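Asker: Take 1 as the starting number for the sequence shown in UniProt numbering and just add one per residue.
Calculated directly from the structure, the hints in this document are not laboratory data.
Check before you lean on any hint, since a few could be wrong.
[Said to hold, decoys possible] Between beta-carbon pairs, the in silico distance windows are:
| no. | residue 1 | residue 2 | range |
| --- | --- | --- | --- |
| 1 | Pro256 | Ser175 | 36 to 44 Å |
| 2 | Arg144 | Asp28 | 50 to 58 Å |
| 3 | Glu33 | His120 | 44 to 52 Å |
| 4 | Ser145 | Pro32 | 51 to 59 Å |
| 5 | Phe194 | Pro256 | 23 to 31 Å |
| 6 | His120 | Pro256 | 33 to 41 Å |
Quick caveat: nothing in here was measured; it's all calculated off a predicted structure.
Even glycine gets a Cβ: it sits at the ideal position worked out from N, Cα and C.
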Amino acid sequence: MPTGCGEQTMVRVAPSVYAFKYLIAAADLQEPEIKQLAQTAINNIVSVFSRQLNYRLRDGSFSVFGSRPGSTWLTAFVFGVFSEAEQLLQNEALQNLENVNINLDPALYTAFEFLQQKQHANGCFVEYGYFFQPDLQAFDSSPRSSSLKDLMLTSYVLSALLEAPVRLKETNSQSYANVTDSASRCLLNTVDSFNISQIPSKALVKVAYTLRRPSEQPGYSETRELVYRELINRASERDSLRGTLRWWQDNKRTSPASKVEMTAYAYLALTEYQPVSQLRPIIRWLLTQQNERGGFYSPQDTVIALRALAHAAAQPHLSTGGKAHAQVTASILP
1 MPTGCGEQTM VRVAPSVYAF KYLIAAADLQ EPEIKQLAQT AINNIVSVFS RQLNYRLRDG
61 SFSVFGSRPG STWLTAFVFG VFSEAEQLLQ NEALQNLENV NINLDPALYT AFEFLQQKQH
121 ANGCFVEYGY FFQPDLQAFD SSPRSSSLKD LMLTSYVLSA LLEAPVRLKE TNSQSYANVT
181 DSASRCLLNT VDSFNISQIP SKALVKVAYT LRRPSEQPGY SETRELVYRE LINRASERDS
241 LRGTLRWWQD NKRTSPASKV EMTAYAYLAL TEYQPVSQLR PIIRWLLTQQ NERGGFYSPQ
301 DTVIALRALA HAAAQPHLST GGKAHAQVTA SILP
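Could you put together the complete structure from these sequences and hints?
Answerer: This is the structure we're talking about:
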């Protein structure tokens, strides 16, 4: 991926956002060292947001390069990360830190408007822009590949939209409901068009993560149950001195980074479905994959793995301890 592009800027800041979330969940912000890390995280988020605006186009989208058309995937990436960042910056635990004067709403609102325009009548999102995300570039033009690409892109965009700030949801209540309900229908219909066993695990975990929240839509519960049962059946396990380890992969040739990303998505999906005793082996495996600096194999898998670990840190029976979280955060922040 070229340096200095809109996608790389987000790939660099996203780990900081989730490391920050990780820190808030597990550490004491009153400790001087932790307080300094939190302030560093805030300053970094604000700085990168300002820099990311250089890649924002008039239609509200974000572009890899300023001269390129806006990308659906990148715009959703920006929307999801900065929606979560805004929620973090409103956290009461940060009230003793330096005041942050930043308004993310204009960029989030116009990004939402752009994404609405990139949704087909069937609810699936379409990509006309340029980006480097490898998972969405690995498909050919066959009908099966096109359906899988629709499944992955729509899962990604919908999961980002579900992180929208409350103000945006309330201000755009009808359009927000229409967009998210239509995207859910796209996922349900696309999953139903496949034999569930034919959906690659890298797509299945993203669908499961996006369907983690219940819905009253016809057929939603049945398809969600089908997806979750298939997801659980595909888990790999082995015993270790630390206890059972559980992870996901497509096959034995799956790269370590892809395993981490799939496993982190699976964990986040299953938090609404399985008891803690079934989730602990997943977190245990993720922790075995961290490098000495607290990251993982690539920026992309680090982003989603930190999101999973941040969630686990907030659960008393899954937490790995504040010191570990502080160390990870310190190593990832610039």
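Asker: Each hint: holds or not?
Answerer: Verification of the hints:
no. : hint                        : result
1   : Pro256 / Ser175: 36 to 44 Å : holds (41 Å)
2   : Arg144 / Asp28: 50 to 58 Å  : holds (51 Å)
3   : Glu33 / His120: 44 to 52 Å  : holds (50 Å)
4   : Ser145 / Pro32: 51 to 59 Å  : holds (53 Å)
5   : Phe194 / Pro256: 23 to 31 Å : holds (27 Å)
6   : His120 / Pro256: 33 to 41 Å : holds (35 Å)
The structure agrees with every numbered hint stated previously.
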